[in-house]
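Take the sequences, apply the hints, and build the full model.
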Amino acid sequence: MPQQRASSATAPEATNEALRASLTEVSGGGADLTDAAGAAERVRNALAQMTANSADAATLKRFDNKATAAVHKATELVNVATLNRWEQLGQNVVAEAKAGIAALAKYRDAEDLVANEGIDATVLDATAS
Amino acid sequence: MDPVSLLLGLVVIVGVLTTASRSLVDTSSAAKAASAGQWATLEKIQGRRWGQRFADAFEGRHKARHKQAGGNDGDFRPGAKAYFNDLYHAFWERRLEVAKAKRDAREPYVYDPSRRGRYWRALVDKVNQLRAKVGRPPVDKVSERGTEGSKRQPVSLAKAGSAKAGRKGSPPAGRTAVLNEEKTSMPGSSAAIAVDTEEISTNAAMRRSLEAAEILGRELLDAVQGIEAARRRVVAAASTASDLINAARFDRTAVAAASSIADEVSTETLAEWAELADAVIEAARAGYQALDKYLDAESLVAENAVDASTLAASSA
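From first to last, the protein sequence lines stand for chains G and A. Sequence positions in the first sequence follow the numbering used here and run 390 to 518. Sequence positions in the second sequence follow the numbering used here and run 9 to 324.
Possibly wrong hints are sitting among the right ones.
Label-pair distances were calculated between CB atoms; the ranges are [what the hints assert, rightly or not]:
no., chain 1, residue 1, chain 2, residue 2, range
1, G, Lys450, A, Ala48, 50 to 58 Å
2, G, Lys450, A, Ala28, 50 to 58 Å
3, A, Glu280, G, Asp501, 41 to 49 Å
4, A, Ser29, G, Ala458, 33 to 41 Å
5, G, Glu406, A, Val106, 49 to 57 Å
6, A, Leu16, G, Ala484, 55 to 63 Å
7, A, Gly23, G, Asn473, 46 to 54 Å
Simulated from the structure, these hints should not be mistaken for laboratory data. Even glycine gets a Cβ: it sits at the ideal position worked out from N, Cα and C.
Dropping the structure here:
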């Protein structure tokens, strides 16, 4: 998965289309955030299982003190928290961006008409809620 | 020239040319899609290649299972007795998995040796007894028929690298091969994680586990960096959206969405998680380095058939 799909636009004109593009970019970033957080959480979970297994072994048998301490430290570290919150955050971002895009969709035809017919763009203001 | 040879030669040449041209087209399409930002197209192209790799891996694993089941190229069926033994074995493996899953579900996990109850100990003993008797985990073929083990399949620790290079094929007797296969793809990380929780009864096994923990720690670090990259992408896009909504009057719902997103993703970073992953890597490395001093002694014990308990005095 590409980490950076596109850079955000610099000083775009304040139109519905520009805002829609920004929200689409936000939505893509949110989807990446969800995927990456889900993947990271799976890695964390796998790591937690592995270190817990080592901790079990260190309980049942006497290993080197430093190795045992390292195992317990790693076990504690990976069980401090989960990354589920970041996954949820990514989902929220996608949902909100989509809501924003959907809210802009109703102006699409009017915007096209303005562009095609050479109408003054300020007429759109009246339709904005 | 013999027409048959000519025809065969032509077939081979056409095959090579077709494959080469297809590969060129794929590469060219991928490059074009990447430069144009057509990620859906790129993912389709990559997906096709990954699909092929997956199919190859599946075929290899299928053969390994048959070999594990004691079959040969002609007849892979292990027989009714093995089947029922595996059902029984898989049942206890599953019990152990469930117990481990319950243990892992307790959050936050606090290491406490006194928490291991009699049930847990009995379960571990039972599964170890079965593993020692059979010398291998339940045959996957049985699991595929809908037995207790169908949800989880024993897997090898692919990530342990050279430490487990000698463990291809049938696993050694007494090996714990339980739990969890999870595949994940993420930015900057390898595509798959295969974890098994081997029973750790020797320094060598503990070293392998710690080496694998270090690898997983690096995977975690990569994944966290992927999250941070995605967060920055969202922040940049949300910032652009915020500039726009400050410059003109837009639909209220869209304005609220843009404002809310900017607030949500700007409050914190993944720096703590990156530090945590670094700490895990360091701890794992310190652990297996501490075991290195026993390496020669362990080898000597194995080579000269010395009593392994002699190692106990040197540990700690």
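Indices of hints not satisfied (ascending): 4
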